[in-house]
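Residue numbers 1 to 267, in UniProt numbering, belong to the letters of the sequence shown in order.
Keep in mind the hints are simulated off the structure, nothing from the lab. By construction, the Cβ of each residue, glycine as well, lies at the ideal position given by its N, Cα and C atoms. Be aware that a few hints might be false.
[To be verified] Distance ranges between label pairs, derived from CB positions:
{"#": "1", "residue 1": "Val-63", "residue 2": "Ser-166", "range": "31 to 39 Å"}
{"#": "2", "residue 1": "Leu-148", "residue 2": "Ser-235", "range": "33 to 41 Å"}
{"#": "3", "residue 1": "Pro-71", "residue 2": "Asp-163", "range": "28 to 36 Å"}
{"#": "4", "residue 1": "Asp-200", "residue 2": "Asp-163", "range": "20 to 28 Å"}
{"#": "5", "residue 1": "Ala-211", "residue 2": "Gly-21", "range": "48 to 56 Å"}
{"#": "6", "residue 1": "Ala-211", "residue 2": "Ser-249", "range": "19 to 27 Å"}
{"#": "7", "residue 1": "Leu-45", "residue 2": "Gln-144", "range": "53 to 61 Å"}
{"#": "8", "residue 1": "Leu-148", "residue 2": "Trp-267", "range": "47 to 55 Å"}
{"#": "9", "residue 1": "Thr-89", "residue 2": "Gly-43", "range": "45 to 53 Å"}
{"#": "10", "residue 1": "Asp-72", "residue 2": "Leu-243", "range": "40 to 48 Å"}
{"#": "11", "residue 1": "Leu-243", "residue 2": "Thr-5", "range": "17 to 25 Å"}
{"#": "12", "residue 1": "Leu-45", "residue 2": "Leu-247", "range": "36 to 44 Å"}
{"#": "13", "residue 1": "Ala-211", "residue 2": "Gln-37", "range": "20 to 28 Å"}
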Amino acid sequence: TALYTSDEVYPSEIYDKYHIGYCRGYAILDITLSPVQYIPKDGRLFYYPEITVAIDLEDTEYVDPFFRNNPDDKAWVEKLVYNPEIADTYTIDLPTFEYPGGLCDPSDNYDYVIITTTKNSLDYWPTTNSTPYNWESLMDKHEQDDELSCTLVTIQNITACTDYHSSDPLFNDLQAHIREFCKDAYEDWGTSYIFIGGDDEWIPARHMKYAHESNVDSDIYWSNLHNTFNDDHDSQWGEEGDLGFDLYSELFIGRITCDEPQDVSNW
1 TALYTSDEVY PSEIYDKYHI GYCRGYAILD ITLSPVQYIP KDGRLFYYPE ITVAIDLEDT
61 EYVDPFFRNN PDDKAWVEKL VYNPEIADTY TIDLPTFEYP GGLCDPSDNY DYVIITTTKN
121 SLDYWPTTNS TPYNWESLMD KHEQDDELSC TLVTIQNITA CTDYHSSDPL FNDLQAHIRE
181 FCKDAYEDWG TSYIFIGGDD EWIPARHMKY AHESNVDSDI YWSNLHNTFN DDHDSQWGEE
241 GDLGFDLYSE LFIGRITCDE PQDVSNW
């Protein structure tokens with residue numbers, strides 16, 4: 001109630017918070033601007049019809065490890081920002097990176113990767129009258145209709161690969177191993193799409209927390225590859241103020257919550 005009787009301008013500043021995130025290797029500056037302000041006691045509302053924002057850029061020679069020098073990445077980032085011409089400063093002579101080890105051979109290329117499990121024969125089943133479609137059907141459709149190269153990897157393959165393991169127990173569970181595989185696929189296969197085939201029981205999501213609720217299922221842990229989502233190294237993932245993540249994704253991600261072949265065929 002004190003706010004509504006105040007004679008102070010709200011919000012008090014037209015410029016507040018800023019954050020630098022990364023999307024596919026490109027640095028993006030977020031700024032919170034408030035062009036509309038209000039004096040509650042008087043009921044007066046006013047706005048700034050124009051705001052000029054001056055940003056000084058500095059060449060640090062830092063190259064983000066998720067920069068792939070890919071024209072599709074560049075086009076995607078240009079759609080996210082107000083000054084897309086700056087993307088041209090990311091020149092073709094910048095280095096790119098490969099994941100150290102892992103399952104993904106850099107000589108291969110897969111745009112679309114299905115991650116599933118061998119449990120309940122969910123990784124492969126023959127087509128029948130009752131299950132006329134399988135993962136091969138989906139991959140064939142994407143290859144023919146969308147010209148996407150596709151492959152399938154199981155969580156059993158992923159967890160068996162020790163290159164995805166961490167000496168820190170907090171980052172050494174199944175969710176973390178899948179995330180490391182996603183980094184590997186992104187860097188070495190040039191992957192753009194990850195499709196999770198399995199429910200939360202067999203392929204558990206990383207459960208996030210926000211101001212009013214915890215244990216929120218969120219697959220952005222596997223699509224947004226920067227940082228750890230737990231910079232303060234506690235039991236809460238992705239909570240406000242952690243600063244261990246940003247909301248710019250490197251990958252497009254989706255999931256079907258299936259636990260048997262019939263679910264996939266019906267879908």
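Tested hints:
| no. | hint | in the structure |
| --- | --- | --- |
| 1 | Val-63 with Ser-166: 31 to 39 Å | violated, 24 Å |
| 2 | Leu-148 with Ser-235: 33 to 41 Å | holds, 38 Å |
| 3 | Pro-71 with Asp-163: 28 to 36 Å | holds, 29 Å |
| 4 | Asp-200 with Asp-163: 20 to 28 Å | holds, 25 Å |
| 5 | Ala-211 with Gly-21: 48 to 56 Å | violated, 20 Å |
| 6 | Ala-211 with Ser-249: 19 to 27 Å | holds, 22 Å |
| 7 | Leu-45 with Gln-144: 53 to 61 Å | holds, 55 Å |
| 8 | Leu-148 with Trp-267: 47 to 55 Å | violated, 18 Å |
| 9 | Thr-89 with Gly-43: 45 to 53 Å | holds, 47 Å |
| 10 | Asp-72 with Leu-243: 40 to 48 Å | violated, 29 Å |
| 11 | Leu-243 with Thr-5: 17 to 25 Å | violated, 35 Å |
| 12 | Leu-45 with Leu-247: 36 to 44 Å | violated, 30 Å |
| 13 | Ala-211 with Gln-37: 20 to 28 Å | holds, 24 Å |
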